[in-house]
Amino acid sequence: MADFTEEQIRRYSRHIILPELGGKGQKKISDAKVLCVGVGGLGSPNALYLSAAGVGTLGLIDMDRVDVSNLQRQIIHSTPDQEKLKVQSAKEKINALNPDVEVVTYTEKLSSKNVKEIVAKYDLVVDGCDNFATRYLVNDACFFAKKPNVYGSVFRFEGRATVFDPRSEASPCYRCLHPYPPPPGEVPTCHEAGVIGVLPGVIGVIQATEALKLIVGIGRLLVGRLLLYDALDMTFREVKVPKDPGCPLCSKHPKIKGLIDYEQFCSGV
Amino acid sequence: MAEKKHLDIKGEVCPYTFVKTKLALEGLSSGDVLEVVTDHKQAVTNVTRSCEAEGHDILSKEQLNENDWKLTIRKK
Ligand SMILES: [Zn+2]
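Chains A and B, in that order, give the protein sequences.
Under numbering that gives the first Met the number 0, the first residue of the first sequence is numbered 0, with each subsequent residue one higher.
Under numbering that gives the first Met the number 0, the first residue of the second sequence is numbered 0, with each subsequent residue one higher.
It is worth saying that the hints were derived from the structure and are not from the lab.
Note that this is a predicted model, so its numbers are computed, not measured.
From the three backbone atoms N, C-alpha and C, an ideal C-beta is built for every residue, glycine too.
Among the hints, a few may not be true.
Anything over 10 Å on all C-beta distances counts as not near chain A; from chain B, calculated [what the hints assert, rightly or not]:
1. V18
2. E25
3. K40
4. S49
5. D56
6. E65
To give an idea of the interface, some chain B residues facing chain A are shown, with a C-beta separation under 8 Å as derived from the structure [as the list claims (entries may be wrong)]:
7. K4
8. P14
9. Y15
10. F17
11. K19
12. L22
13. E53
Only pairs whose alpha carbons sit at most 30 Å apart, straight line, appear in this in silico DSBU-like list of lysine-lysine [what the hints assert, rightly or not]:
14. B:K4 / A:K23
15. A:K27 / B:K3
16. A:K23 / B:K60
Here chain B stands alone, though its shape is the one from the complex (with noise of 0.2 Å):
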């Protein structure tokens, strides 16, 4: 059974967004799903890039309110 995890990465900024969630993928199995919430604009883009590389899919980019975003990654 897949599971969901969530991870708060507010203040953070690049690379470290997407070192933290590569490093909280790392804790997951394959096919788990982990939700990312950032409030560093650039993040969504670069964590979404980053993450593809790896062969994660993103199943969903959305904007939370003015500041935060938050993503949905299905771990390869």
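So that you can see chain A by itself, here it is in the shape it has in the complex (with noise of 0.2 Å):
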């Protein structure tokens, strides 16, 4: 008890009421340090709610600023912050609804020059990107790093979330899923596209919860499985997503041995 103050108590005690994480599981949350891969639509409610439970370090990147075309659907960003930094706008939110975290914020280019370094100082990564380049550099780092990468898209109406644990020898990369990006100009692009704005709502806040069980250790994680979300329909289903045993990363014969900077271009998936 004497690890709580009397605030902390009262803030966390619906989570130590729970049976799954008690006083225990609240203490892993608060010594936990999470990477939030993006402070967009997905990484919003990932920071918000992360940020909330009382997750001890939460590191941002983004290198954009906060635009009026963002406040559709990227919810820690307000219209005062217009011309901000995203991580900025999103510390001072995040200050403000607990003082318990603490921010960490990166505005460069995330690369394989900066990417080992700073994704070596947290416990997990929550990928919240819209393009491409990045998406593959998190996946490859973090399975260098056997860091678990917890995997969100969101694309006009349709979302999906899955967990990579590069711990576990059995569970599939983003690779598994998509071997290597398309080429430029064969998709859309994210301002082509569209999205309803609350569709990153959904699918960060199922990241967002797969990163609590994942540093609590409870539950079943969606290692393995493609959650796929349709807000049109509103329904959600699920695929299995096997080890691709010729998966360019991580199967036993991999071709790719080091970390890619690929030529950065929007993605939906």
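Combine the two chains into a complex, taking the hints into account.
Here it is in structure tokens:
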């Protein structure tokens, strides 16, 4: 009990009451270090709920500034935040929400030069990025560093989420699903595709849920299962994602042995 | 050798009566005994029910005076 202040006992009481969490589970959350890649549509609910839950250290990577076109879905940012760096805007909200959380911000472009060093500082990564270059880089860096990677993506009315856990021999990686990025120009960019604003909320909260389960060590994770959400149809489907024995990254005979900087372009998936 | 610990949560209301009891129990070993003193009458029922739901034994419930109750709980 000495580990929690009176305020923390009250703040986290609904967690502590849960038989699956208790004070021990809450302590794990307080000790956890989570890296949010992107503080946009997916990163907003992720950062807010993980902060509310009391994650001890939250890393935020985003080089963009808040634009009025973000506000339809990126709920951590507000109208007066326009022109601010997204990580700064997010940090202000998080500090106001929960002073227990230490926020570390990164505004440099994530690349093969810095990703290894940044990922090494965290227990797990929540991928809320919007482009293939970062997605593959994060996947590969998490694989090499053996850090769980909570994946989410949104496109028009459809969202997807899964967990890649390289600590487990049986877990697939993102390249088991899509071995290589499509050539630039072949997929519609995020600006062309559009997205219903509530969609990243649903998927981001699923990611945050999986992140908390990973931290506490409870429940059944989305490892090897891809959750597909159709907002128009209001249905969830699940497809098995087996580890690909021919995966260029995580198979026994990998073709990829180092980090790759792909050309940056937008992606929904 | 089983330990006996005392927890005074007078002034505390639900659900913090149980939250504090639970945290104190987490700090004990299986078989240890926790004595909880509360002046929140509903806690006698609520803390008992919640502790039992988590598998702990309520050894006794005792009214100490006009305001205070004592619960004796053995950790699972
Ligand atoms: Zn793979």
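For each hint, the structure was consulted:
{"no.": "1", "hint": "V18", "result": "violated (5 Å)"}
{"no.": "2", "hint": "E25", "result": "violated (5 Å)"}
{"no.": "3", "hint": "K40", "result": "holds (20 Å)"}
{"no.": "4", "hint": "S49", "result": "violated (8 Å)"}
{"no.": "5", "hint": "D56", "result": "holds (16 Å)"}
{"no.": "6", "hint": "E65", "result": "holds (27 Å)"}
{"no.": "7", "hint": "K4", "result": "violated (10 Å)"}
{"no.": "8", "hint": "P14", "result": "holds (6 Å)"}
{"no.": "9", "hint": "Y15", "result": "holds (6 Å)"}
{"no.": "10", "hint": "F17", "result": "holds (7 Å)"}
{"no.": "11", "hint": "K19", "result": "holds (7 Å)"}
{"no.": "12", "hint": "L22", "result": "holds (4 Å)"}
{"no.": "13", "hint": "E53", "result": "holds (6 Å)"}
{"no.": "14", "hint": "B:K4 / A:K23", "result": "holds (19 Å)"}
{"no.": "15", "hint": "A:K27 / B:K3", "result": "holds (27 Å)"}
{"no.": "16", "hint": "A:K23 / B:K60", "result": "holds (27 Å)"}
Of the numbered hints listed earlier, those contradicted by the structure are 1, 2, 4 and 7.
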